[in-house]
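Enquirer: Here's the letter readout for the chains.
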Amino acid sequence: MEAGGSREREARNYLEKHQIMELLKYLTSVLLFIRPEKPREYLIAILEKLRIAKATGVAFPFFMDHSNIAAMFDMMDSSKKGTISFVQYKEALKTLGLCTADEVLKDDGHAITLDKFKSEVNKRTQEICGRTKGKGSGSCQTAAEQPRLH
Amino acid sequence: MDATTAPHHIPPEMSQYGEENHIFEIMQNMLEQLLIHQPKDPILFMINHLQLDNDNVPKIVILGPPASGKTTIAMWLCKHLNSNLLTVENLIAKEFSSLAAAARKHYQINKRVPSMQLVRLIQDRVSEEDCVRRGWILDGIPETREQALMIQTVGITPRHVIVLSAPDTVLIERNLGKRIDPQTGEIYHTTFDWPSESEIQDRLIVPVGISELETAGKLLEYHRNIVRIFPSYPKILKVISADQPCVDVFYQALTYVQTNHRSNAPFTPRVLLCGPMGSGKSLQAALLAQKYSLVNVCCGQLLKEAVADKSKFGEVIQPFFEKDMAVPDSLIMKVLSERLNQQDCIQKGWVLHGFPRDLDQALMMDSLGYKPNRVFFLNVPFDSVLERLTLRRTDPITGERYHLMYKPPPTTEIQDRLLQNPKDAEEHVKLKMDLFYRNATELEEFYGQALTINGDQDPYTVFEYIESGIINPLPQKVP
Numbered sequence: 001m002e003a004g005g006s007r008e009r010e011a012r013n014y015l016e017k018h019q020i021m022e023l024l025k026y027l028t029s030v031l032l033f034i035r036p037e038k039p040r041e042y043l044i045a046i047l048e049k050l051r052i053a054k055a056t057g058v059a060f061p062f063f064m065d066h067s068n069i070a071a072m073f074d075m076m077d078s079s080k081k082g083t084i085s086f087v088q089y090k091e092a093l094k095t096l097g098l099c100t101a102d103e104v105l106k107d108d109g110h111a112i113t114l115d116k117f118k119s120e121v122n123k124r125t126q127e128i129c130g131r132t133k134g135k136g137s138g139s140c141q142t143a144a145e146q147p148r149l150h
Numbered sequence: 001m002d003a004t005t006a007p008h009h010i011p012p013e014m015s016q017y018g019e020e021n022h023i024f025e026i027m028q029n030m031l032e033q034l035l036i037h038q039p040k041d042p043i044l045f046m047i048n049h050l051q052l053d054n055d056n057v058p059k060i061v062i063l064g065p066p067a068s069g070k071t072t073i074a075m076w077l078c079k080h081l082n083s084n085l086l087t088v089e090n091l092i093a094k095e096f097s098s099l100a101a102a103a104r105k106h107y108q109i110n111k112r113v114p115s116m117q118l119v120r121l122i123q124d125r126v127s128e129e130d131c132v133r134r135g136w137i138l139d140g141i142p143e144t145r146e147q148a149l150m151i152q153t154v155g156i157t158p159r160h161v162i163v164l165s166a167p168d169t170v171l172i173e174r175n176l177g178k179r180i181d182p183q184t185g186e187i188y189h190t191t192f193d194w195p196s197e198s199e200i201q202d203r204l205i206v207p208v209g210i211s212e213l214e215t216a217g218k219l220l221e222y223h224r225n226i227v228r229i230f231p232s233y234p235k236i237l238k239v240i241s242a243d244q245p246c247v248d249v250f251y252q253a254l255t256y257v258q259t260n261h262r263s264n265a266p267f268t269p270r271v272l273l274c275g276p277m278g279s280g281k282s283l284q285a286a287l288l289a290q291k292y293s294l295v296n297v298c299c300g301q302l303l304k305e306a307v308a309d310k311s312k313f314g315e316v317i318q319p320f321f322e323k324d325m326a327v328p329d330s331l332i333m334k335v336l337s338e339r340l341n342q343q344d345c346i347q348k349g350w351v352l353h354g355f356p357r358d359l360d361q362a363l364m365m366d367s368l369g370y371k372p373n374r375v376f377f378l379n380v381p382f383d384s385v386l387e388r389l390t391l392r393r394t395d396p397i398t399g400e401r402y403h404l405m406y407k408p409p410p411t412t413e414i415q416d417r418l419l420q421n422p423k424d425a426e427e428h429v430k431l432k433m434d435l436f437y438r439n440a441t442e443l444e445e446f447y448g449q450a451l452t453i454n455g456d457q458d459p460y461t462v463f464e465y466i467e468s469g470i471i472n473p474l475p476q477k478v479p
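Sequence lines, in order, name chains A and B.
So in our numbering, spot 94 of the first sequence is number 94, and the numbers just go up one at a time.
So in our numbering, spot 402 of the second sequence is number 402, and the numbers just go up one at a time.
It is possible that part of the hints are untrue.
Result set (DMTMM-like, lysine to aspartate or glutamate): computed pairs, CA atoms no more than 20 Å apart in a straight line [unchecked claim]:
{"hint": "1", "chain 1": "B", "residue 1": "K40", "chain 2": "A", "residue 2": "E8"}
{"hint": "2", "chain 1": "B", "residue 1": "K40", "chain 2": "A", "residue 2": "E10"}
{"hint": "3", "chain 1": "A", "residue 1": "K17", "chain 2": "B", "residue 2": "D41"}
With the Cβ distance kept under 8 Å, some of the chain A side facing chain B (calculated, not the full set) [unchecked claim]:
{"hint": "4", "residue": "H18"}
{"hint": "5", "residue": "I20"}
{"hint": "6", "residue": "L32"}
{"hint": "7", "residue": "R35"}
{"hint": "8", "residue": "L43"}
{"hint": "9", "residue": "I44"}
{"hint": "10", "residue": "L50"}
{"hint": "11", "residue": "N122"}
These are calculated hints, taken from the structure and not from any lab test.
Backbone N, C-alpha and C fix where the C-beta goes; we use that ideal spot for every residue, glycine too.
Model the full assembly from the supplied sequences, consistent with the hints where possible.
Expert: Structure, rendered in structure tokens:
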């Protein structure tokens, strides 16, 4: 039925526009990781923080910050070569929710170094920030500044 | 991190936490509401939704032919669940609403309310504070498929739909005896539900439209419509026969409404089977392990394996076996922990039997964090146990096990040489049964959510009962 089809499309667009699935995934991961006594209250607290972060443009403490990215890289690079393979790189981006399963990433034949990995993660996080919060907002700028600290 | 070469191990605490707090269901409900309302500010909406905490509030639709007792059941459920009743009458009786006034006018002329207006009235009513907080019960709405679809479109979805059904002849006869109390609106019946106070008896009036012809006409229309409403509520519909005493219908409706439906939440079964010797625990555990790929953990077997492997635990346990003494609890617990901590148990789930046998063991297991999420007690009467165990025989030459009643040996030659395991002797069985029953009451108290199953049936029937106990959500106790 046409009416049903268009409502479904509306719903899908809504989900994408507000990145609802990523948000729910993030909330569930936090709940399972922290395992608070009162899950509802904890969820409400996180959502309030998110709201404030959006309104004031302060950087929101996402699950992964830069020390985590370096730690993640080290875990994948078990032989301490300083580089990871392309497959590992793509899997890591998928785990962080920064790339979709069927996106085709350029494999330029060289192994991925820590710097390249970090810059790609930052670039993608910035893109997402830009899409949801508006390009001029503070959190985007903070995200962009962070690579300079390392 | 690197899921390409080594698989991720999700710690069991996470899945236990998720199950206990129904995280999946919370998220699913939130997503449903988000998609229905599609608010501009999703985060504020989510905060408000979580604060309401009304996922488990009753949302019931009761449908049925005239004279089936819908309104009576609906009113009883309302009182019992402390919820709000919504009927066509009380929706249009609403004051201070132009919509309701228009609907009233229409009703007075045509004896029915147009669907559009009705759905709007329902929408307004359901979004009021008391319905949001305490839920709602729709009595006799939707009347047609059109209404059902419209209600769905505005986002009002019931969680339980009860349809009363009875043969037409019964209903026509029943309708003749219907009487209404004009003051309270309660419905009485000349045969089935006659009020005891004489002042109510005097007040009762005969309602309009209960002659046989009129009832038959209404029934025809009802049958035409109800068939097309069924497909709108596929998994949440239950048909209850109205051709039984009111109390029975009520209790069936109440139990149904208080059950949760199966959800898609990830679930790793950790099953505990308790029961006396000979109740069929090992057989059921083996069947479960085979069908659902669970790990079959038999406590006695584990200990024997440890001794046979001459592992470090085995060497400590061996003297107890030699002297035929009970192995101390702490030692058993250590061997068990080692097995339950292995990756295959954590990932696939386990079926445990033979432990714990008393409250201390149960407390120890609980304190170490091994909490089963389904506990079954298999009840078998003493005589059946004796029959099952004392007739067991083993063939010393081939090693084949027989049972004189259920699996008799094929030739008399084999039968002559069969031997009985001393553990299957009657006195020994009696001893073990007594031991079990002494501790059984404490265990049943400890595992409050345990399900009791009649073990005195053929194994596949018992297996089906156990299966349904595992697959369906745990029942909530009716107060």
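Enquirer: Does each hint hold? Answer for all of them.
Expert: Against the structure, the hints come out as follows:
no.	hint	result
1	B:K40 to A:E8	holds (17 Å)
2	B:K40 to A:E10	holds (13 Å)
3	A:K17 to B:D41	holds (11 Å)
4	H18	holds (5 Å)
5	I20	holds (6 Å)
6	L32	holds (4 Å)
7	R35	holds (5 Å)
8	L43	holds (6 Å)
9	I44	holds (5 Å)
10	L50	holds (6 Å)
11	N122	violated (18 Å)
This entry does not satisfy hint 11, going by the numbered hints stated previously; all others are met.
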